[in-house]
Each structure stands twice: as structure tokens, then as C-alpha cells.
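Engineer: Quick note, the sequences are listed as chains A and B, same order. The numbers in this note's numbering rise by one with no breaks, and the one at position 77 of the first sequence is 77. Counting the second sequence from 1 gives a position; this note's numbering is that position plus 1000.
Treat the hints as calculated values from the structure; they're not laboratory data. A portion of the hints provided could be inaccurate.
Here are the simulated DSS-like pairs of lysine-lysine, each with C-alpha atoms no more than 30 Å apart in a straight line [claimed, not checked]:
no., chain 1, residue 1, chain 2, residue 2
1, A, Lys42, B, Lys1419
2, A, Lys3, B, Lys1446
3, A, Lys63, A, Lys111
Since we're looking at a predicted model, the values are computed, not measured.
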Amino acid sequence: MQKMLREWLKIRNMHLFFPYAIGTICAILFVIILIQRAIKCKKEGTPFINLKGYHFFRPGYDKVKLWGSFILFILYVMALPVLHFAWASVVFIFLFNVLFEMKPGKPFEAKSVLISAVIAFAGSWGVWYLFYQVFNITLP
Amino acid sequence: MLLNLGLALLGTAVGIIFGAIPGMTATMAVAVFLPMTYAFQLVPALYLLLGLYVGGISGGLIPAILINVPGTPSSVCTGFDGYPMARRGESERALKIGITASFFGGIISLIVLAFLTPPLARMAIKFSAIEKFLIILFAMTVIAALSKGSMTKGVFAGFLGVLLSLVGELSMNNRMRMVPDMLKNELRSGFQLLPLLIGLFAICQMFQEAEKGMQSNNLEEGVTVEGARKFSFSDFKGQTVNVIRSSLLGTFMGILPGVGGSAASLIAYSQTKSFSKHPELMGKGAPEGLIASESSNNGLTGGALVPLLSLGIPGDATTAVLIGAFLLQGIQVGPLFIGQNPEIWNQILWALLACNVLMFIVMFFPIKLISQVVKVRSARMYPVILLMCIVGAYATRSGVMFDVWCLLFFGVIGFIMNKIGLPTAPFLIGFILGGDLEKYFIEAVKGNNYDLAVFFQRPIALVIWALIAIFLGYSIWDNMKGGTLEKMGVKD
Chain A
1 MQKMLREWLK IRNMHLFFPY AIGTICAILF VIILIQRAIK CKKEGTPFIN
51 LKGYHFFRPG YDKVKLWGSF ILFILYVMAL PVLHFAWASV VFIFLFNVLF
101 EMKPGKPFEA KSVLISAVIA FAGSWGVWYL FYQVFNITLP
Chain B
1001 MLLNLGLALL GTAVGIIFGA IPGMTATMAV AVFLPMTYAF QLVPALYLLL
1051 GLYVGGISGG LIPAILINVP GTPSSVCTGF DGYPMARRGE SERALKIGIT
1101 ASFFGGIISL IVLAFLTPPL ARMAIKFSAI EKFLIILFAM TVIAALSKGS
1151 MTKGVFAGFL GVLLSLVGEL SMNNRMRMVP DMLKNELRSG FQLLPLLIGL
1201 FAICQMFQEA EKGMQSNNLE EGVTVEGARK FSFSDFKGQT VNVIRSSLLG
1251 TFMGILPGVG GSAASLIAYS QTKSFSKHPE LMGKGAPEGL IASESSNNGL
1301 TGGALVPLLS LGIPGDATTA VLIGAFLLQG IQVGPLFIGQ NPEIWNQILW
1351 ALLACNVLMF IVMFFPIKLI SQVVKVRSAR MYPVILLMCI VGAYATRSGV
1401 MFDVWCLLFF GVIGFIMNKI GLPTAPFLIG FILGGDLEKY FIEAVKGNNY
1451 DLAVFFQRPI ALVIWALIAI FLGYSIWDNM KGGTLEKMGV KD
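Okay, chain B solo, but in the shape it has when bound (with noise of 0.2 Å):
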């Protein structure tokens, strides 16, 4: 308990570290920390890795308050009210009503998550292979409605995803595709999941930190952490439903697969100021807009694990790389999971739970000293993650040099997708899950005497095709319309 603790706590402060940091991400934290999981058990791993999701989530909103520069792009409305806070001398302030709401959104979502996997989970249970490729679709029906600016390159992404995974043998036949003949040896098993997602997350980041110039960041002259009004619990007076309506944001955004934090930020935010008696004082310095911003975000944590745990579909980015944790320990996330494995799902709730309170008292009562956290440069920080980089690559099949090649081929494709404009969380979803659509669609045509209307005759697998037709239809308004979350300024 006391090592799991331990990690826990590792974890956040870590964590925390990697969302100040303007550039880094909760994503990039957990990718590149994985590797020491393979030291662990499942239990601790995930103290470890939860402690980094809460953590560099809830990091981000330092130096969004302290020098306007969301650290992760979950904190990007935290800037429009806290930072003018800041300027008028309540840094201090801001930043405990931020962690505070933080720590509210961290525990709403967690009470989300433990009352919403079970039952969905036992109803997943029931799923046959026809009803389980429908709810992969629909995932990715999903991640490409909600895409940011064009659903066509979303979906495209998503499949491009897809067709990677299918590179090497099809263990149904043991036969190899899409593999040129001096790299069979190497793609016998396809591309690995963790060369890929550090590749993507935090080698292209660095890559794109170097075309910027590894800029550093100041803290603005008369913006200090000292502040001139101290924190009150009173501030939280009136702003009940303010927490609980953006906390539940937060996390049924977290729920939708591909759905950054950003969209949660901004779609919290505009909510807040939609049902603001003040709507004019939102972006001038209200602690309204930055609860909302922060619960939502902090939301987002527990929401993003629900189709993870229930249905085996990660919520997000980091979810998706928490996939790779289970994998490390042979685990498979899915409608089982809870079932085979009730004292791991007890235990993730645990770590949830310690996470947040740890992240409250972390960032809470020293934050004087971890504010000072947005001066560490990145430029420092970057040799030494590629270092870790590098380990979690070559370890992943204990010492294949090609896998650490894969890390840079795939942080050029990162580099080359942002500059294209073509998402990254749906690719990395669309390769998790591109083996299992693979797998159901087979099994689902053969048992059915190869008949595709199987796919229409269930009532289950009816909704589902409700649920895409729904999520299709709202996409293509919502592009027709300019993209509400691309004119909001979703970014991640």
C-alpha cells in the first residue's frame, strides 16, 4: 500500500511537472513513463500512471494563470479568468480556486466512473462479435464527428490508423500482408503500440519544440505568486452548480472517444457564461469561468476511463496509452475486465481517488515552490525524456533496435500529421482498435454464413446504428456550420 502510495505520489509530482511546462502534456507523461512499468505489477503500474494522467492534467493550469500559456490544451479556458486575476495582483487566488476545482471535477468524474463501467460493462457482456465491431464503428464514428476541422480528415485518419495495424501475420491464418521482405522478421507481429504512441506524443512534440526554438517562458513583471486577496473557501459560494454541471461536462466528454480536454474546457466554459448572472464580467478576471475551465478538465480524467473499462474503447489519447499498461501485464481491457478482475477495478478506483487528494495537497499548500515550476526549461527536459524514450521503445520487446527506429519514423509521421492537419488521436485510436474490428468482422461474417445483413438484424446492433447514423448527422451540420468546437478554438 505504502509503495503504491509512493508512486502515486511520484506520479502527480511528476505529472504536475509535465502539464506546467507549456509544450508537455499528460499524454506525453504517461507515454514516456510506461517503460518503468515493466519493473511493476499492474496494481502499482497504475499508481504510477493514473498520479501522472491527474497530475498533468491539473499542471496545466499554472502557467495558464501565472503567464497565459495553457500548459496542456485541457487548460485552455483557464487562462481567460484566471490570468486577468493574475495581473490584478490575486495569483495566489486563482491558483488555489483552480486546484480546488480541480480536485471537485477529479472526484465527481471518479463517482461517474464507479457507478456508470459496471452496468455498462455487464451490458457489453452480452455483445456478440457483430454488436462489438458496431460499437468499434461507432468509436470511430465518434472520434471523426468530433474531429476538429474536418470530419472527412478525422474519419481518414482514423482508418489510416486501422490499416497500420493490420501490417503482419493475421494470427487466424498466419499469413503476412503489407510487410516488405527484409523487414519481415521485424513486422512478424506488426508495428508495436508503445514505439508508436511515444513516437507520436512526445518525439514529434520535441520536434516541433525545435522548429519553435525551444523557446523558454518568463513570468510577466508584476505577476507573482504572492498575491494582494487570499483564497477562501467562500469563493466556492453559489458556484455548486457551476462544479457539478461542468464537472459532468467534463466527464461525459471524457466518455465520448477521441474528445480532447480542450473541447471539455470550452464547452464548460461557454455553459458557465451562457447561465452567468455576471456573462460580462467572464474573461475579465471571474473565478466563475476558471471553476468551470478546471472542473471540467479535471472531469475529463475519470469520464475518458468509463469506455475504457467497460467496453475496452479509450476515451482519449492518455487512455489510449494506459492500454499499454494492461498489455504490458497481459491484461485485456473490456467487458470482462471488472468482472475477471474485481480487485484491480477496486484498486484503480483507489488509485483514482489518492490521486486527486494528493494532487490537492501537492499543488495546494506548496504552491508558492510549484509554481516556480513554469521556469524549468524545456530545453532541458526534452534530452532526458528522449532518454526514457529511447528505453521504453528498445524494452518494449526486451531489445529490437527496429523498435527504437519505429520511435523516430513515427514522430516524423506526428510531426508531418500536425502539419498536414490531420489528427493524431484518432489515428492512435483507429490502431488500437483496427486489430479487434479486424477480429469481430471475421468472426461475425463466418458464423453467419458470410450474410452482411447480420449486421442489421439485432436490436442491439440497431441502436448502435441509430447511434452512428446520429452522430454522422450531427457532424456533417455541425461542418456545414464551420465546426463549433474549430470556432470555439479547440486545439488538441
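Chain A with its partners taken away, still in its complex shape (with noise of 0.2 Å):
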């Protein structure tokens, strides 16, 4: 074990030790996971995959506004670099409020869609103007 240690340790092979270590454990402890997944659904009579009425999102959940929200938030980091912070958040802002605000099924509401546009405008310029004129701190 410590001829090992020693080779593991040397300069040259330092940083791979800990990796293959962790990583090492980490595996051991997913089988036993598994292990412990077949004992329960041995006991309980169950399939250990089971499908059938299996949901990974809540049931009924709200496709809209989760894919909406994470299309984006891709769009918005896309939209960083071309627009700058500012004028990207303003955007990307109200796009967000619109589309958490928006109710299923019914029409977008103009008192909504006008505190958004608010929010927006009033949000992204308040906090570039706090952090970037106010802590000097780098934005987008």
C-alpha cells in the first residue's frame, strides 16, 4: 500500500490521485444505491424500473413557463454580449415577467403586460446604474 501510495503521489501523477479516488467512491456508492433500490423493491414486490406512471415533472406541471423560462435564459446569455447587459435585460426582463404572468388560457392583460415593461426598464437600468456607475463593478 505504501509503494503505491508513493507511485500515486509522485509529482507527475499528484493530481490525478484524488480523482480516481473520489471518483472510486462515488461508484461504490451508486451500486450500493442500486443495491439497496433492488432489496426495497424486492420487499415491497415492485419492478425495479418502473415507468408506468412514473413522472419526472410534477404531474400537469407548467410546460410553458419552465421551457419558456429555460429557452430564455439561453436567449438572454446569447443576447449578452450582442446587446450589453442594459438593453439585453430590459428585453429578456419583460419577456420573463410576460411570460411568468401569463395565465392560461386567457388574454395578456395590458395593466400586466405595462408593469412588466416597468419592471424591465426600471429593474436593468437600476441595477446596471447600481453596480456598474455606482460599485464599478464589470457587466456583461
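The two chains are supplied separately, each in an independent frame; assemble them into the complex guided by the hints.
Structural biologist: Right, dumping it as C-alpha cells:
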């Protein structure tokens, strides 16, 4: 063991020792989790993999808001270098507001859209002013 | 001083708002506001962040009492008695009892923090790399042992966090590991803490709320803050033991790494019920249940700082975020922290005192106004929070867009972990402690002729092994029984 450790912890190998050790522990723990599940399923008489009735997302989840927020996030980050922080934020914070305030099957309310625009404009420029101008923090 | 108090007030008020909106937590508040501290020195930054922490934990009592939805996981038991009190027209009384109990809990935990941390740190200074390695291992065992659901999943999440922390270059030999060629510049120093924790605790939460449809909260008809029976400090008559016991239980739970506020609240509540002269009234609007829950969850705040400031090990997810504030200022928390930074240590104690007093003032007197916070729509809050998250992630390394992508990546990882039942707190703490775990292991083994027996030779090391064995034994026994915390409904 001592000889093996000495070899592993030589300067040229040292960086690999812990990732291998921790990776092995993770693999062992993963196998234990699987075994525990197998034992539990056997006790309860249920199949090990039971996709019937399985929902990764909660039943009746809000598809538009979840996937919409995910896609908007990606577009927002992509737009940051192009439009720069404040303008990209005005556009996307408005879209996020509209998305999150959307009610299924109901048309957009003018008041709600107006509030979204105000929040987007004031929030984005407010954060830009606070962090960039007052705190001198680098923004995209 | 005035700036510090102003920031503490701002932090406390904003923290209360975060705490009072179901779905938002104190951890999220601290994570989102961490970027603001780039502009401050450490002391003002700590006033702000501790204000957010105390306010965030305390604010959770408002929706728990008024709409029976805990604003934060740590208020899980507050609604058991608070809501029935509100239903019978005692909302104001219930809120004020909760606020006062929170204040007492915070102050008692502050006293424990002040007296327990320095001796613990003095003891830890004597630790060599061997003990430091074992202490981290012990912390990870405790996290895992007290993980709800499955101990194995808790351990697994903790080690996944450690594995992730190893990505990048090892400073001892300047070699990269686990980094694809295309990302070798971005990941030279590994994943950054701030995008990881903001992603796990803010972006992930946003996705979870989006999945639920960003539902708004409404005050039930008949429940108003105006109340028939008014609050009086005599409501605390005969509750001294309850307050002290619950606060100390909360503080103790805070000291144990990775134990959340809901565990503290549930354990204190069940203890109060065991000792109560009228246990049959608990759950039907008994002030003692409300006092137990609120004094214990605020007791957690000081307790969670004890291992952070004495050993460098965060007591909970929020104090793990606080490590970020110290790192930003280039200050290492651990056994040497108090000795090397006595001024900052004193300021932390003053800050915690100020934040508790401010929390009491801000919540107690304008309670009718503060209660309106539950009506704030999270749908309007999240886009602005997202804005702050982007700023925080981008500013971590003064302008690396890769860190903003990491925000999304860890948001999705956190979302998936929640779905498959892997706890995120052990993952985060594993990530924070992983680098030190590796460093101390290599130092200990190399300094002792590569002999692993060195971990079993020193007396302190043997004590730590014994503690590890006790916690592992406890968790195996508890898991066989079905998980005490799980059965009690611990959710964080």
C-alpha cells in the first residue's frame, strides 16, 4: 500500500490520485444505492425499473413557464454580448415577466404587460446603475 | 458605523421579504446579494449578509401563520399552531409571539457563538493536516448521516461535490484534470463557487416555481392581521424553559454541518410537545408550539456560524454561501481566523446582535404593513432576481461569460438533483470542502512516509474516528427505523 501510494503521489501523478479515489468511492456508492433499491423493490414486490405512472416533472406541470424560462435564459445569455447588459436585460426581463404572469387560456392584460415593461426598464437600468456606476463592477 | 447599520437594516428588511415569499429562502437571499459585496469591505458586507440571513429565517413565520405555508423550510412547524391562532382571530398576537421568540432564539445562539467559537478554534489550531483531513471527513459524515431520506444518497451527493471541486488545475503540480480541451482556459481554476451556489439555490428554485406555474399566494378570507386578542409579553410567562431549550436545540442543530432549519424546528417542536403540560393543545393554536419553532430556527443562525468560524466548515447552506463573502475579500475562515482577525470577529458578533435587534424592530412594530409582503407575487420577483444572479456570476472573475453559462448548468443540475432525491446541501458542502480534503490528505500522507496508519495514531485522530463511527452507527440505525427526520417531515 505504502509503495502504491508513493507511486501515485509522485509529483507527476499527484493530480490524478484524488479524482480516481473519489470517483471510485462515488461508483461504489452508486452501486450501493442500486442494491438498496433492488432490496426495497424485492421487499415491496415492485419492479426495479417501473416507468408506469412515473413522472419526472410534476403531473400537470406548467410546460410553457418551465421550458419558456429555460429557453429565455439561453437566449438572454446569448444576447448579453450582442446587446450588452442593460438593453439585453430590458428585453429579456420584460419577456420573463410576461411569461411568468401569463395565465393559461386567458389573453394578456394590458395592465400586466405595462407593469412588466416598467419592471424590466426600471430593474435593468437600476441594477446597471447600482453595479456599474456606483459599485464599479464589470457587467456583460 | 452608520453605513454598517444601514446595510444591516437593508439586509434584514430584504431578508424578511425573501423569507416571507414562499419558495424563496434565506440562502437564496444571501446568494443573490453576494455580488453587491464586491463593492464593500468585509465588515460592511457581513452586516448586509447577516441581515439577509437573520431576516430570511425570521420572515418565514409570516406566511406560515397567515396562509399556513411556511415561507422558508425552517418555519415548517410555525404554522402548526400559528395558523390555528390566526383562524381564531389572533393573527397579530401569533405574529408578535413568533417575532419575539425569533429574537430570543437569535440572541441565545449569539451568546453560544461568542463563547463556544474561540475555544473550539484554539483547539483546532493544534490540528495537523491529519486532523484537518479527518475533521472534514467527519463533517461530511454528519451531513450524510443527517440527510433525510437516504444516508447513502447524502454521502453520494457529498462525494459528487468533492469530485466536482477537483476539476481544474492542482496547484501542487500545476497539472489539469477532468477538463475537456475546449474548456481548458475557462476551467483552469475549476468551477467557481458563486455561479455554482447561485445556480443551485436561485436558478434551480426559479425553474421549480416555473414548473408549478408561479402560483400566487392569497390571504384566506377571515384571516387578517387585525386580531381579537392582543399580544402581551405575559404570553411568554412560563415559557422561559421552552425558549431556552428550543433556542439551544436550534443552535446545536446549527453547529452540526448540513442540518437545515426545518430539522431544528421539528426537533424543538417535538421536544416541547413531550415536555408540555397540555400536549393535546399543541397543533390547535398553542403559543408554546409557535415559540418552540421560532426560537429554534433563529437559534440556528448563531449555531451555524460556530463550525464556520472555528473550523472553516459551514454549518448550513447559508453559511456555505457566506464563505463566498470571505473568499471575495481574500480571508480564509478556519482555526486561525479569530486569532488573526480579532476585529472582524468582534464585528461579526456586533453585526449578529444588530441584525437580531433590527429584525425585531422591523417586524414587530409595523407588523400589519410587513404582513402585506405575503401578497408580493414571486412571478414579479424572479426576473429581477435573475438579473442579480447574472451580475453575480459574471462579476465572479470580472467578466467571464462561461460563469454565466455555469449558472444555468448548475440550475439544471439542482433541478435534476431535487427530482431524483439527491440533497443539494451535502453536494455544495462537499464542493466547498473538496479542495481542502485533497490538500490535507496529500500533506498528511507525504509528511508521514506514505503510511496510511498515520490517520489512526494520534489521540485526537482517534477521537474523531470515534465520532465518525458514532454518527455512522446512528445514521444506519436511524435509516433502519425509517429515518426520524424523514418521518417528521423534514423537507430542506
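Engineer: Look at each hint and say if it fits the structure.
Structural biologist: Structure-based check of all given hints:
Taken as a hint, the Lys42(A) and Lys1419(B) pair is honoured in the structure, with Cα atoms around 23 Å apart against an allowance of 30 Å. Only pairs whose Cα atoms come within 30 Å are accepted, and Lys3(A) paired with Lys1446(B) is accepted, the gap being roughly 12 Å. Straight-line distance between C-alpha atoms of Lys63(A) and Lys111(A) comes to about 24 Å, which keeps the hinted pair within the 30 Å bound.
Checked against the numbered hints given earlier, the structure satisfies every one of them.
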